[in-house]
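Undergrad: Next come the chains, spelled out residue by residue.
2 protein chains.
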Amino acid sequence: MRVSEFFLSTLKEAPSEAELPSHKLMLRAGLIRRLSSGLYSWMPLGLRVLRKVETIVREEMNRAGAIELLMPAVQPAELWQETKRWQKYGPELLRIKDRHERDYCFGPTHEEVITDIARREIRSYRQLPVNFYQIQNKFRDEIRPRFGVMRAREFIMKDAYSFHPDQSSLNTTYTRMHEAYIRIFSRLDLEFRAVAADTGSIGGTGSHEFHVLADCGEDSIAYCPTSGYAANIELAEAMAVKNMSENPSEPLEKIATPGVKSIEDVSQFFKTESCHAVKTLIIENDHGDFAALLLRGDHELNEIKAAKIPAVGGSFRLASEESVRKITGASSGSLGPLGLSIPLIADRSVALLENFIAGANEDGFHYQHVSFSRDLSHAVIADIRNVQEGDPSPDCKGKLSLCRGIEVGHIFQLGTRYSEAMNATFLDEAGQAKPLVMGCYGIGVSRIVGAAIEQCNDEKGIRWPVAMAPFTVAICPIGLKKSEPVRTATETLYQKLTEQGIEVLLDDRDERPGVMFADMELIGIPYRVTIGERNLGNGLVEFMTRNGESSELLALQEVAGRIQSQITQKNH
Amino acid sequence: MRVSEFFLSTLKEAPSEAELPSHKLMLRAGLIRRLSSGLYSWMPLGLRVLRKVETIVREEMNRAGAIELLMPAVQPAELWQETKRWQKYGPELLRIKDRHERDYCFGPTHEEVITDIARREIRSYRQLPVNFYQIQNKFRDEIRPRFGVMRAREFIMKDAYSFHPDQSSLNTTYTRMHEAYIRIFSRLDLEFRAVAADTGSIGGTGSHEFHVLADCGEDSIAYCPTSGYAANIELAEAMAVKNMSENPSEPLEKIATPGVKSIEDVSQFFKTESCHAVKTLIIENDHGDFAALLLRGDHELNEIKAAKIPAVGGSFRLASEESVRKITGASSGSLGPLGLSIPLIADRSVALLENFIAGANEDGFHYQHVSFSRDLSHAVIADIRNVQEGDPSPDCKGKLSLCRGIEVGHIFQLGTRYSEAMNATFLDEAGQAKPLVMGCYGIGVSRIVGAAIEQCNDEKGIRWPVAMAPFTVAICPIGLKKSEPVRTATETLYQKLTEQGIEVLLDDRDERPGVMFADMELIGIPYRVTIGERNLGNGLVEFMTRNGESSELLALQEVAGRIQSQITQKNH
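Going down the list, the protein sequences come from chains A and B.
Residues 561 to 1132, numbered by the numbering used here, are exactly what the first sequence covers, in order.
Residues 561 to 1132, numbered by the numbering used here, are exactly what the second sequence covers, in order.
Errors might be hidden in some of the hints.
Just so you know, same-sequence chains aren't split out, so a pair can sit in one copy or run between any two.
Straight-line distance between alpha carbons at most 20 Å, and here's what the computed SDA-like set of lysine to any residue pairs gives [stated by the list, open to error]:
| id | residue 1 | residue 2 |
| --- | --- | --- |
| 1 | K959 | D943 |
| 2 | K657 | I902 |
| 3 | K1020 | E573 |
| 4 | K994 | N731 |
| 5 | K1041 | Q687 |
| 6 | K831 | G991 |
| 7 | K657 | E914 |
| 8 | K572 | K1020 |
| 9 | K657 | R704 |
| 10 | K868 | I902 |
It is worth saying that the hints were derived from the structure and are not from the lab.
All of these numbers come straight from a predicted model, not from anything done at the bench.
Generate the whole structure from the sequences, applying the supplied hints.
TA: This is the structure we're talking about:
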């Protein structure tokens, strides 16, 4: 492709709306343009990248035996009413009325539609298992769209749905999808991690997320370099950890602590570390029931875990200051577990403490020398905290590290949740009607583009992995219009690379070298060949990789071979 | 692809909702499934066809220098307000409110969005011309969706938009697109016709439609086999035609014609042909102005042409019976042109009549021997009728024939309508800001699939052109599970064809031959190889083409070569 026949549109500065490096770079490189809040046009350069991702996803889905179809973006409300999601799904579901005032939505996902297809098409176990997928634009009406394509409202997703006679068949396909995802992200040449995940609102029995690792990622991932264990921090099991400096318990003692409210205040006042204090959180669930959650001062509450504890009873929020005073007799700076008549849930690590500090439920007073075994043996003990760097791995084979990731894939075992709600059954070998067992498998195709840039960029711009690059090679001729030898060498090389199936962007704008180089670095082309009259006098051109690792002079006729060998090397 | 690893779902009978052969066959062959009114899922088999069409469209657009991008389906109302289309576009525009109650629509077309991109991105004549396109799902909220994918609400379209410094540059790209469209429909191997067309509500200065010819087509096309002239009947110029049997004019005579109302009544009463009578239509335009339109009894009004006559003044309807009586003094069965005080517009052919019959504007009376030149010389003469089979071609080089077509492509010269409304300008060589000159070019990608079936089917099912077929060859082994030689020959042939890049559907269901053959014929696979033990004993297999022209026994090792040569032949 010649730049003169393409549409490059680079910017010196990113619009101020962009916060993340990837968002800034996508705008500066002209990959996308904003149409409206959370709506982006994929410009020609960006679309080339998007299509490469799509192609790899499609090839690997096909290889794994999935069958592509294409469902409408607009879906009738009736199906969503069958699964009750029409009511449950919040304002993120973009609801639409047609000219006849009938209800539809712009699909954020397609469980209902595919289950409707399955209940009409699948009659017998002989048609199972089957795994359908599509690559399609979806809409999620985010309250605050941001980060460009990473949290856009309209986005492109690969969503797959598998149907099975039983759990064991689902397990087989689930594993095959897990492997396909690993191949996809490996082929994209991204640093990624598959992690155990919470199943969230889709529901189901098992789930893994695939994260592209990047410092700005919205998700925290806990992993054990020794054992390979990895889980979203939402789910990662926190083991009980014991304070090394724990003293044996002493008699309970109430201390006046005027002005001491936060855990930092307590540490300072008692001249100890925060791990010797306990936080008491009074919470109220959706039914108006209260409970107290106990956490070590240096630990963080994990709300997803806590919501699953029966004594908590589902989703909750911190109780109001008024309720807190009514229940404890104190304000939130002086709360403690002693003497409360509401359920107590202590984190596993709290249950190992024998000599800790906690509020006295009396403003301006704390207890010290509280012993869990002596004073709080009636509390429920549970895992309700986030894991921390250095915690023991739940598989007891090492210590956890934390990193940040961007979720780009998610696979679920749905079970029969949708098939039962929609009466999607099949006849088994005995002629019995049974609900179909389902799995679903998503990949955020457009999000991958942003995530890849988040992982692969430097001060000059994007550094595409070859597999995703819009073009593999940039040819920058210096003095194209003035020099006949430059022109001839440029055309010769362009033809030769193109014939070899290498995607070349020929910068025929006749700009100054600085402008060409800056643009090609900004848009992240992996290899650059600079053709100038001086080197050409010795039959040489300059070959450079985007990572800056090598810049060397090559004979013109060596270039094609060198690029081929670089690409091949990359793919092994 | 093996049928066991694919998803075939054929039906013996089409659902009753389907009227057209193509709609019935698409449902029966399992190409699509209905989700809701005007919403269809593309099943795996149908999607393969859709992708083939998409690929050919994309390749030819790229070859013609157009650059692909991808705009969001959801568009903000603000842009449509700038061009006033938010108000003008009727209920076919699917309007949406987001969670913040802001107005959006599901785009039926993208003139506004692309013009917004152009005004931000294009600054200088040096960036021109440029031609952007996308292939994308669109939504048009049809009041009565029907004919399956041919008039669906959600559909897939290729839409291109070009930007130019002046009309001459637009002409060049317009011609290039015209040629690209001819290549596209030729490669799809469809019988089609490019015709001059009305520009309709999009507006602009020139336009051509591309029609796939089919008896059920919603459009009438007039063409001249001698000269190559072709136009939509909406636009095709009707020349004045003279009655061969015309007598010289005689004195006007008023005749009592009790009960004579229609043109048929008149012909019968006066014992003459309808071409010797004139119909008078009293119409009322949107401003409440009336006019009388005069047409020969055997001619049909063309409303699009009439609306363009200044004396008519835009779109109109037939006047109410009440208004008609007020203006003429008669009811609609006795209307005539004589003595009316409203503007008279006579079709060109009426202006040649010298001895005709017309209503007397008095119930139960007609005039005979009306002479246009003597009695109606004050009338405006204009082309306001549809052409008819056998009319002279407007280029005077032959006679017109009529046929029916399905519109699958439309190219427009938009001029500056959108760029002026949205202030999309560029700086010309003299540094002057000027509005961009625009063209737009659509192809109904999903509609092509239906149109192709409408053109290519028989009593057994679909007859795909090779270029669009979901698979090129079907292999039907007889007794696959029982016969080792059949199994070996089948696998050998399957491997060989696949290695040669030929798309094969191997029917490994072990069904009876009749079931396999009926399915493969229904879904329209162009070539079929039947492998049975008996023929195999002589080293032979049966090779058949879907059109039934040839069925012959071939040596197993000849099959691949024969198919290759058939495909090559097809492409020349």
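Undergrad: Going through the numbered hints above, which ones does this structure break? Give me the numbers in ascending order.
TA: 2, 6, 7
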